[in-house]
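If you want the building blocks of each chain, they are given just below.
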Amino acid sequence: MKWLASLLVLVLLATLLGQSGMVGVPQKSQGAKSERADPIRFVTLDLFVDSREVPLAAWQVEILPKVVKGTATLVGIEGGDHAAFRAPARYDPAALAKAEGGRVILAAFSLATAGELPLGRVRVARLHLRLEDQDGARKASAEFEVALRVAADVEGRAIERAAASAAIGDER
Amino acid sequence: MRWPRCVTGRNWGGIGRSDRKKLLVSVEPNRGEGAPWVMNGDVHETKPDIPPRLAEALRRHERASTDRINLAALDASVLDGIRARGQRRRVLWRLSGAMAAAAGLAVALYVPWGQNSAPVAPMVVFDATRPVTILEAFRLARLLESSRAVSPTWDVSGDGVVDDRDVEVLGARAVRLASLTQGAPA
Chain A
4 MKWLASLLVL VLLATLLGQS GMVGVPQKSQ GAKSERADPI RFVTLDLFVD
54 SREVPLAAWQ VEILPKVVKG TATLVGIEGG DHAAFRAPAR YDPAALAKAE
104 GGRVILAAFS LATAGELPLG RVRVARLHLR LEDQDGARKA SAEFEVALRV
154 AADVEGRAIE RAAASAAIGD ER
Chain B
2 MRWPRCVTGR NWGGIGRSDR KKLLVSVEPN RGEGAPWVMN GDVHETKPDI
52 PPRLAEALRR HERASTDRIN LAALDASVLD GIRARGQRRR VLWRLSGAMA
102 AAAGLAVALY VPWGQNSAPV APMVVFDATR PVTILEAFRL ARLLESSRAV
152 SPTWDVSGDG VVDDRDVEVL GARAVRLASL TQGAPA
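As they're listed, the protein sequences go chains A and B. Just so you know, we're using my numbering here: the first sequence kicks off at 4 and counts up by one. Just so you know, we're using my numbering here: the second sequence kicks off at 2 and counts up by one.
With the rest of the complex left out, here is chain A (with noise of 0.2 Å):
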């Protein structure tokens, strides 16, 4: 009975942490953490950006490292889901060859009308990063802080209670 009951706990808790790894990146709290043995590794963050019920027309995200072992490195920027932010959103080419921890500014903006902007939660990019081990000692990883600057109707004016978060995508 014993090794029943430690293989439903064990079970359990393999639930419980996949669970956690799907739920996005709060607005200003901790970002995505990845632990892995490999030296290197790459990982994506997805953005997202919720426009509740008004349409997006722009938006300005700054990704702020927070907590960093070891160095993560920002190598790529792909655009969003929806067609009006498909295209990849607008970045300083310097945060890709600076190893800061991947701070970066993203931002875009849509000339569509309003019935072909994106409404509620709608991914707008996702980042790649690389992750290595800092002299094998430690095991890389990487807190993100998404702080929301810009997020705006077709007129131009602010979305006051739109949200911005990101969740850890692939890890290879």
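Since the hints were derived computationally from the structure, they do not count as laboratory data. Bear in mind that the values here come from a model prediction, so they are computed numbers and not experimental data. Each residue gets a CB set at the ideal place from its N, CA and C atoms; glycine is no exception. None of the hints are false.
In silico SDA-like pairs for lysine to any residue, Cα to Cα no more than 20 Å straight-line:
no., chain 1, residue 1, chain 2, residue 2
1, A, 69, B, 179
2, A, 69, B, 178
3, B, 48, B, 58
4, A, 69, A, 150
5, A, 72, A, 136
Estimated spans, in silico, between C-beta atoms of each pair:
no., chain 1, residue 1, chain 2, residue 2, range
6, B, 164, A, 70, 39 to 45 Å
7, A, 159, B, 105, 41 to 47 Å
8, B, 148, A, 97, 34 to 40 Å
9, A, 115, B, 96, 56 to 62 Å
10, A, 81, B, 165, 20 to 26 Å
11, B, 146, A, 70, 39 to 45 Å
12, A, 172, B, 164, 34 to 40 Å
13, B, 165, A, 116, 16 to 22 Å
14, B, 169, A, 81, 17 to 23 Å
15, A, 45, B, 165, 31 to 37 Å
16, B, 146, A, 122, 18 to 24 Å
17, B, 130, A, 99, 27 to 33 Å
Given the structure of chain A, go ahead and fit chain B onto it with the hints provided.
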């Protein structure tokens, strides 16, 4: 020959008072036997003794007077008609002129004269004192897409022209790592 009966005239319209005094005798066929004769206001029971030449002169005078009366009446009638027609025309011309003036005034007031008469929105000016965000690029892109006039303050590239290049410059400034710091207001 039957002497014409003399009657005092009441339907002398158009003849002056002096003429009427002279022509108190009108010549017309006798209305019946036994009726009194009137000549120069005097009633005669018997046929007055009028010389034939006088009678003939009176007849001629009567005809001439009648013709003159008719001509004068006709002239007056024609003149009245012309005056009335002219008055109607004048009224019509005045009405037409008033209507044309009213129509012209309405056109001048309500028909827009190109872009100048349309309500002009205030020109959007680029505020260089504030930190640049993607909103500035977005606003300029919208301005360029519309037909509105664009302020030269948007020429952030400094090439003398406000165009898509300025949108790109603003977008680049918005995401520049030095442009925003941690905790900076939106």
